Amino acid sequence: AQSVAQPEDQVNVAEGNPLTVKCTYSVSGNPYLFWYVQYPNRGLQFLLKYITGDNLVKGSYGFEAEFNKSQTSFHLKKPSALVSDSALYFCAVRDGSGGFKTIFGAGTRLFVKA
Amino acid sequence: ETGVTQTPRHLVMGMTNKKSLKCEQHLGHNAMYWYKQSAKKPLELMFVYNFKEQTENNSVPSRFSPECPNSSHLFLHLHTLQPEDSALYLCASSPRDTSEPETQYFGPGTRLLVL
Numbered sequence: 001a002q003s004v005a006q007p008e009d010q011v012n013v014a015e016g017n018p019l020t021v022k023c024t025y026s027v028s029g030n031p032y033l034f035w036y037v038q039y040p041n042r043g044l045q046f047l048l049k050y051i052t053g054d055n056l057v058k059g060s061y062g063f064e065a066e067f068n069k070s071q072t073s074f075h076l077k078k079p080s081a082l083v084s085d086s087a088l089y090f091c092a093v094r095d096g097s098g099g100f101k102t103i104f105g106a107g108t109r110l111f112v113k114a
Numbered sequence: 115e116t117g118v119t120q121t122p123r124h125l126v127m128g129m130t131n132k133k134s135l136k137c138e139q140h141l142g143h144n145a146m147y148w149y150k151q152s153a154k155k156p157l158e159l160m161f162v163y164n165f166k167e168q169t170e171n172n173s174v175p176s177r178f179s180p181e182c183p184n185s186s187h188l189f190l191h192l193h194t195l196q197p198e199d200s201a202l203y204l205c206a207s208s209p210r211d212t213s214e215p216e217t218q219y220f221g222p223g224t225r226l227l228v229l
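Those protein sequence lines, which keep their order, are chains A and B. End of the first sequence = 114 in this note's numbering, gap-free, step of one. End of the second sequence = 229 in this note's numbering, gap-free, step of one.
Read the hints as simulated data drawn from the structure, not as lab findings. Among the hints, erroneous ones may be present.
[Stated by the list, open to error] Covered stretches of chain B, going by a simulated chain A footprint (3 or more residues, C-beta under 8 Å): (1) 128 to 138; (2) 182 to 196.
[What the hints assert, rightly or not] Just a sample of chain A residues kept apart from chain B, beta carbon distances all over 10 Å, derived: (3) Val4; (4) Lys22; (5) Ser26; (6) Phe46; (7) Glu64; (8) Gln71; (9) Gly105.
It should be emphasised that the depicted structure is a prediction, and the values quoted were computed from it without experimental measurement. Heads up, the beta-carbon is just placed ideally off N, CA and C, and yes, glycines get one too.
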């Protein structure tokens with residue numbers, strides 16, 4: 001069965017510092033991995049995805065994520081955080097071997113302080 | 115704007131009421147989804163429709179009844195809900211529901227409170 005874990009409910013970062021939001025996953029087949037962001041009173045917005053190829057994936061708003069197969073992780077990163085990055089971040093996984101469902105994590109709230 | 119709209123944005127209802135949530139997408143997509151978002155819980159996939167046919171029902175209680183009259187519209191009919199059904203209900207769409215990892219486009223959600 002597929003599952004996604006986001007071990008941190010909340011991450012606090014000072015503006016200008018690097019940020020990392022953690023995600024680990026479990027699938028039986030090849031993982032397709034996604035990050036979404038949700039700003040207040042808005043739906044989820046797609047940030048980036050990993051399907052195959054380079055383990056480092058670059059996405060919107062300067063975010064990137066690194067796929068690590070041995071650690072079954074897909075952590076979201078940004079070299080320099082902005083206050084406007086404060087939002088709820090969701091990691092998601094889909095089984096690339098034929099599953100149709102996308103399973104989401106519980107979300108991690110990111111606070112960036114000025 | 116993602117091209118997916120939801121109405122109403124907020125809804126308060128009693129346990130004996132009947133109400134409906136509406137989702138409309140202007141993206142030409144063929145797959146539509148209902149999700150339930152509760153605080154500190156994973157997003158729960160409720161229903162999936164592909165070309166107007168329901169392809170997924172994740173053991174959702176019958177007090178939630180989806181309807182997809184065409185590929186652009188999706189409804190969620192609610193009746194005799196429970197307080198624990200209070201949540202943010204998100205609609206999403208994608209070009210088609212296949213094994214390809216297509217990006218889903220989400221609406222802003224309907225915040226539902228059941229009293």
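Quick rundown of the hints versus the structure:
no. : hint       : verdict
1   : 128 to 138 : violated (count 0)
2   : 182 to 196 : violated (count 0)
3   : Val4       : 7 Å, violated
4   : Lys22      : 15 Å, holds
5   : Ser26      : 13 Å, holds
6   : Phe46      : 5 Å, violated
7   : Glu64      : 17 Å, holds
8   : Gln71      : 21 Å, holds
9   : Gly105     : 6 Å, violated
Hints 1, 2, 3, 6 and 9 from the list above are not met by this structure, while the remaining hints are.
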